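Top line first, the protein sequences correspond to chains V and C.
In the working numbering, each residue's number is its place in the first sequence (first place is 1) plus 2.
In the working numbering, each residue's number is its place in the second sequence (first place is 1) plus 66.
Where hints are given, some of them may not hold.
[To be verified] Cβ-Cβ distance ranges computed for the label pairs, FRET-style: (1) C:R135 <-> V:T185: 23 to 33 Å; (2) V:L305 <-> C:R197: 18 to 28 Å; (3) V:W193 <-> C:H129: 26 to 36 Å.
No lab work stands behind these hints: they were computed from the structure.
Remember, predicted model here, so these are calculated numbers, not experimental data.
Virtual Cβ for every residue (Gly too), placed ideally from N, Cα, C.
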Amino acid sequence: MLLSGLAVLLAAISLLWMFQGIGGGNREFILRLRGGKLAALITVAASIGVATVLFQTVAANRVLTPSIMGFDALYILLQSVMVASMGSAGVAGFPDIAKFLVEVGAMSMLAALLFGMLLARRGRDIPRTILTGVILGVMFRSMSGFLTRIMDPNEFAVVQAASFASFNHVDTTLLPIGAALTTAAIMIALWLSPRLDVMALGREPAVSLGLRFDTMVIGALMLVAVLVSVSTALVGPVAFFGLIVAGLAHGLTQSARHTALLPAAALIASILVVGGQWIFERIMGQAATLSVVIELAGGIFFLYLLLKGRIR
Amino acid sequence: MITVEGVNHQIGSVRILHDIRTRLPEGRLTALIGPNGAGKSTLMRLIGRLEALQSGRITVAGHDLATTRTGELAKIMAILGQNTAIASRLRVAELVGFGRWPHHKGRPRPQDRDKVSQALEAFALTSLANRFLDEISGGQAQRAHIAMSFAQDTPWLLLDEPLNNLDMAHARGLMTLLSELVRGQGRSVAMVVHEINYAAAWADHVIAMKDGRIMAEGDPDTVLTEAVLSKLYDTPVSVGRHRNRPLVLHHA
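All chains, full assembly: derive it from the sequences and hints.
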């Protein structure tokens, strides 16, 4: 019910995005431009939304997001290390898609290793997990900051292109592969939904119910890593967006079932991003940045839910 | 039967269990008693595979924990630990429903729904079925968790201090229900108990632990004696009798 409502809303906003003010000019060109961008926005939004819900299930916490725990910082660090070690010419020599796949693979391994250890061992000790994650995030950011400072300015420009992408400058060369990866990751997450529901009970009940808990933690973190890699590669890091989306998904579905939560998160995120970008581009004439619009609107709604007691 | 052979366990450099070797009889209500820090919960958690076994061997109904898949074990035993805080927002009926997960893996069948409503009924939770866990009291939540383990419908039920947060009436109700499971349905129950008279009144088999070792085991009449209990708790206690069962008195 809620899901179909959200889907209809997203479809409406997408139509608005595609056809509003299209005029009589070169329709085909405009539609192709807008269509590409729409696909990119939805890919990124769905990635962030699903990644955050998955991550919160693994962490058994509603305040943590992959970006607070430094997932996107890890991706940027990976970029900086590649450019620093091989030079921008070396990096540019690789085909984009192969390079991206290698990055996603490396990112999944690292995330499973680092965060898997952190969450599997200290999952019950929430404050310590948060603190460690925040410190890791800062460490990744400073390490890539350090690397970019000592590298050649030309090479820095390559890293910068990756870390300061935005919703206005979507990296469309990676769009097909990114969309494919996102779709695959979301499908796997949906297939794992019953197990994710059990995992959300916490380690002890999940083990008692026969879930292979530690394997599930690693698997879910790898999915998060893939999704964050896609969204970061396409538009760069987005700070609190995931938190808002996950909060809205929990608040609106009023359910702990991942079959409802995951699609809701993907749809809500897409509605916010496409709607926000439309307002930003066509109404405000690019006079602000999208993240400001999203985080303002999303934040107000989040506060509303919080005050109404629909989010714990 | 659960067999425990040569189990040692340490956390950091602290030795929690020393070469534990024991058997928990089938079709009986077994109580683990002992002072704080005796290793009762650790032993229970090792049997329930909540902690990884460091040495030794444990079998449950003939299944070696080290070689049996955890999904299979979930149909043989249900364990309820002490850590019952849940991050997600669940209704009581949803929580109890998860007890059926080992059997249906996410696709509940009609018989699963029947088991869930039986469990809700048995633990007097039917009227609370649609309440969220954070909207009910600690004792009610405790009952909901036990009901989940009950709904798992396994030959073995392991409970780590299930009487926590329960008032006198519900604690007694739970013990009556557990002994009914044992006597009426032939299931086996093992539980860690702090209030010794619950063990005295309902247990068929008592294992007394101290400092990571088993100090005494056997039926309640042989274990719950003044000599054993005074040494176990380093406190003088006297044991009387009430309705032909031991009654432990520890008022100074």
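Hints versus structure:
1. C:R135 <-> V:T185: 23 to 33 Å: 31 Å, holds
2. V:L305 <-> C:R197: 18 to 28 Å: 26 Å Cβ-Cβ, so the 18 to 28 Å window holds.
3. V:W193 <-> C:H129: 26 to 36 Å: 29 Å, holds
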